[in-house]
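Colleague: Take a look at the letters that make up each chain.
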Amino acid sequence: MAKRAAPEVNAGSMADIAFLLLIFFLVTTTIETDTGINRKLPPIEDSQEDVIIKQKNIFTVLLNNKDQLMVEENLMELKDLRKAAVEFLDNGGIPKGQEGYCDYCHGKRSPSSSDNPDKAIISLKNERETSYKMYVSVQNELVAAYNELRDKRAQSLYGKSFTEMQADYDNVNWVGNKTKLKEQLEKIKVEYPQKLSEVQ
Amino acid sequence: MGKFKKKKGGELPAISTASLPDIVFMLLFFFMVATVMRENTLMIKNNLPYADQVEKLDKKDLVMYIYAGKPSEQYKQYGTEARIQLNDKFAGVEDIAAFIAAERASKREELVPFLTTALKVDSDANMGLIGDIKQELRKVNALKINYTTRKGNVFDKH
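Residue numbers (the working numbering), protein chains in the order written: chain B, 6 to 205; chain V, 44 to 201.
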């Protein structure tokens, strides 16, 4: 009887499989990028001009050393902060017909709250013992309030949320008029400017 | 009865290893692409806080990192207070100005205005330290900062 050697497995296509896998991983993995909340610090100015701001245009947020939150003289839970900030920013207290009237605001138009989103300032003060975690959470909620208003405004003007528009703007593959999109983004940023001041 | 003769042992066909280099290269390429080089060895606990209104921090070459937090287990001799880490060393608040100057000097001049300082601070640190860092950054006019966070809901218990 003739001795039969087992046939050798053909490994010629192994390299192809290997390259296929390589390309698959190359395409699917995204290199992790850091994310975070961007802020701009105020420059140190020698000549400190005192700008007079009406008390009703300031939304005071205080964080004490026990991580408790005080908003406009009242103790508040973190989860209520976003809503309170939105109400304050979107108030539009100047009556119709007068200068500075905010025709796109949907707030209560209470005369004791902010005049218009351009005048409204959020002032955040923390103590040395406040935890970083709480501080970031508060910052996050305040940014969220601005984003909520901008989203709403963009939705009514352009039928798309501000966040989506911004994502489109950053997307290299987006097909459309980027200069026009930038103008639209700028318009919304002007209507709801982020005025967040931190007290040292 | 030769028909039922058993095959002799030790005649297993040799497995071809011709594709081994391919597999190895594949793994090599994969790891080369997917790994992010950590520039600094962390000497502190760095449990970043969570936030969901975040922006991406791309252009890695335009970011300066300042770490802060409690010294980790191996570096207990440095105490339990939250500390600043710049590059591979613990540093004091007064070293920040020099650090920023060095970072700026290492970049092309036209890119200097676009530099961002990323604060990678442990969630347990307190704001006193961060206030000091911010004050120091204002002094050297490095005004663009980023509180680096992880993506997640603020209200969830992590």
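Hints are computed from structural coordinates only; laboratory data are not their basis. Treat the numbers as computed from the prediction; the structure is a model and nothing was measured. Built from N, CA and C at the ideal position, the CB exists for glycine as well. Do not rely on the hints blindly, as some may be mistaken.
To be verified - With beta-carbon atoms standing in for the labels, derived distance ranges:
hint : chain 1 : residue 1 : chain 2 : residue 2 : range
1    : V       : ASN90     : B       : ASN79     : 26 to 36 Å
2    : B       : ASN182    : V       : LYS119    : 56 to 66 Å
3    : V       : ARG181    : B       : GLN103    : 30 to 40 Å
4    : V       : PRO64     : B       : VAL180    : 38 to 48 Å
5    : B       : ASN176    : V       : ALA141    : 34 to 44 Å
Unchecked claim - If the Cβ cut is set under 7 Å, some of the chain V residues that face chain B in the computed set are:
hint : residue
6    : LYS119
7    : THR123
8    : GLY135
9    : VAL136
10   : VAL164
11   : LYS177
12   : LEU186
13   : TYR190
Colleague: So which hints don't hold here, by number, going up?
Modeller: 6, 7, 8 and 9
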